[in-house]
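Take the sequences, apply the hints, and build the full model.
The lines below spell out each chain.
There are 2 protein chains.
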Amino acid sequence: MSDESSTVLTIDRDRFHADFDTLASFGATAEGGVDRPAFSADHQAARRWFARRAEEAGLVVEVDGASNHSALLAVPGAEKTLVIGSHLDSVPTGGRFDGAFGVMAALEVLRRVKESGIQLSVNLMAIDFTDEESHYVEFLGSRAFTGKLPLAELQAPHAGRMSDAIAGLGLDLVAMANCGRDPQEYVGYLELHIEQGPRLINSATDIGIVESIIGIRFHRLVFTGQADHAGTTPMEIRRNAGLGAAAFTVALHELLETDFTDCVGNVGSMVLAPGVTNVVSKEAAVDFEFRFPDENRGDALEAQIKDRARSIAERFDLELEFTPMGRARSAQMDPALRRIVGEAARRLGLSAVSMHSGAAHDAQIMSAITPACVIFVPSVGGISHNPAEFSTREDCENGANVLLHTVLSGFGG
Amino acid sequence: MSDESSTVLTIDRDRFHADFDTLASFGATAEGGVDRPAFSADHQAARRWFARRAEEAGLVVEVDGASNHSALLAVPGAEKTLVIGSHLDSVPTGGRFDGAFGVMAALEVLRRVKESGIQLSVNLMAIDFTDEESHYVEFLGSRAFTGKLPLAELQAPHAGRMSDAIAGLGLDLVAMANCGRDPQEYVGYLELHIEQGPRLINSATDIGIVESIIGIRFHRLVFTGQADHAGTTPMEIRRNAGLGAAAFTVALHELLETDFTDCVGNVGSMVLAPGVTNVVSKEAAVDFEFRFPDENRGDALEAQIKDRARSIAERFDLELEFTPMGRARSAQMDPALRRIVGEAARRLGLSAVSMHSGAAHDAQIMSAITPACVIFVPSVGGISHNPAEFSTREDCENGANVLLHTVLSGFGG
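Protein chains in written order, with this note's numbering: chain A, 1 to 413; chain B, 1001 to 1413.
No lab work stands behind these hints: they were computed from the structure. We put the CB at the ideal spot given by N, CA and C, even for glycine. One or more of the hints may lead you astray.
Said to hold, decoys possible - Per the computed footprint, the stretches of chain A lying under chain B, defined by three or more beta-carbons under 8 Å from a beta-carbon of chain B, are:
no. : region
1   : 85-93
2   : 168-180
3   : 190-204
4   : 226-238
5   : 251-259
6   : 283-297
7   : 354-362
Right, dumping it as structure tokens:
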């Protein structure tokens, strides 16, 4: 930040970092990261703590039917609301910045605006969306917020049973599916996030302004063969579902390395049944995702993936079932918001660059009902979804100040 | 069986089939098989029922430190014992014949000999060995019986914790490791089993006399890479442990299809961590086994497997750990016992053939301390480790009668 910054309103950096560090103690892992899958005890504890901190700041806390936790700085007479935030859940054994950074910055911005006495033209809401990491259902919280989360998806989550997960939390699936807001009440959504990639750090740029967010599709592919004795059954007549899963995983990567280098993909698990070495696998379930710059490329890649899977099933005499498990459409960020973010960075003396996001964010869900934008800060080493995920204190402060000034410039009184 | 059979002692076929059917009700699955992994509630119930049936027949039941269940027909003055039997545990969702058939036939042979009043030259023991299917530890029961089961293996089982598995069963690991018998007390071990392959059924042969049993080795291979965001990390810099596991599985099969067609192998599970699609897998554990006709071939195959695994680890920038998880050495069956089995079959008018066993059996463990032999009956379709596993009633009766007459001819008074 330049010297000029001392003359402009900035966040309370000590309070911000102290809160960030406290938050990182919920679900802290030995490796220095956090383990806070949605609805886990540590996730719930982190959310309760966030709500308490917001109440201590005199903000109005609300928990909606999808367990989205929000804090509101209400402006008398204002009819509309600007939402800023991210999510407090993490991937299993993830890092402490992903999502958490954006929520803590949002809370700090609300506190700072309140303390400054500046009257905004809109209400300001800091939000912690539920299950952004899609442990149970893709973007559960933001999709519920937008009213675009079918009950059927909640009834068939990826992991376990949703009803078990939310038992004792005062939630129910029907309420989750029915807590959509009226888009007319919102003027926009801003999300501050770590980049999770190496571009900013490698180019020594302070701020990334996201132009577009990749699309993502999750699928489960199940190969079914025949359980057989793994000693006595000749190799050439086995119908080995596990071999199908392995060959598919290799083929998916070949596809991404040749014809789809603008896309990425990942197999998260291969679950073989019955799962013992002395039985040829009867069934193999492969959970995977792929991401693409636009929906046309997504369609093309999906077609090729299915084609490869079918060839493999045929080659190993297996049956094949291909089930979509969720998706987020690729999205464009709002040009007006992007311009305001860029001006805020410039005023703070920070370098900024427009960029594409290879990570999915609640912002792309929110963009369906309101103008949205994501602001990035540099990730050291580009590492994320890993306990080693790290952004410097200065970069985090810079990002929070850009968020603050985007709010002030765009929605000042 | 030929007409001549009516003039010789045979099993009580109705009692035998009724007992076999009752046994199949313990852990019965909807698909018609059984699910009785070692120490499961259904396995324990099946063993208690077996012991009760033996006691009802006036036999002396014993449960040793490894939970091997045996029934003894003691002969006054006899110092040595002939052991016949197999195992009552199954693979997960397995068939009802594997192991169970041999135990039920052994019980029936003891009953029939007792009822006939024929005095053998040795005590006759029907045994149900613990965990032949190696759910916790390879051939736990027979290896404990032979005194060749190190405590360390019991302390590091494949599945869960052994101490949890045996809680409440009056067992402890030290007693398990220390219940080896004195080989001098035994004259031999005979095991009647389904073939689990297609050779007998395809050649319309009644009885298989096993000459040799394959060797088997179990290994766990762990690839370690780096957890990374599955959206933002460029494909070419990912250190994807799951991709290593998949490529290894494909490579193992290529090896078996080219240079090692006399061997077989199988990957039972690939467990990826953290196991979610939006994180590149940091770790992948591959549990697999391979089987070979003799130890030299086993050594050669193991060397090649390790070589392939190392190449894959290098290619994907992964670390590699290779852990032996157990083994059974290849074994020759006793020529004298094989001859007696062949004579018994001929006397009963049954066709018989000498053969190799691609499946592992407790007999190969027992062969280290006493002469051993395995007798096969045909498996319909060669299917095993599958609920569809099936052998006809007539073939099962034939096998039991061959076992009975092998006992009578070889160890008659």
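Do the hints match the structure? See the list:
| no. | hint | result |
| --- | --- | --- |
| 1 | 85-93 | holds (count 3) |
| 2 | 168-180 | violated (count 0) |
| 3 | 190-204 | holds (count 3) |
| 4 | 226-238 | holds (count 11) |
| 5 | 251-259 | holds (count 3) |
| 6 | 283-297 | holds (count 4) |
| 7 | 354-362 | holds (count 4) |
When each numbered hint is compared with the structure, a violation occurs for hint 2 only.
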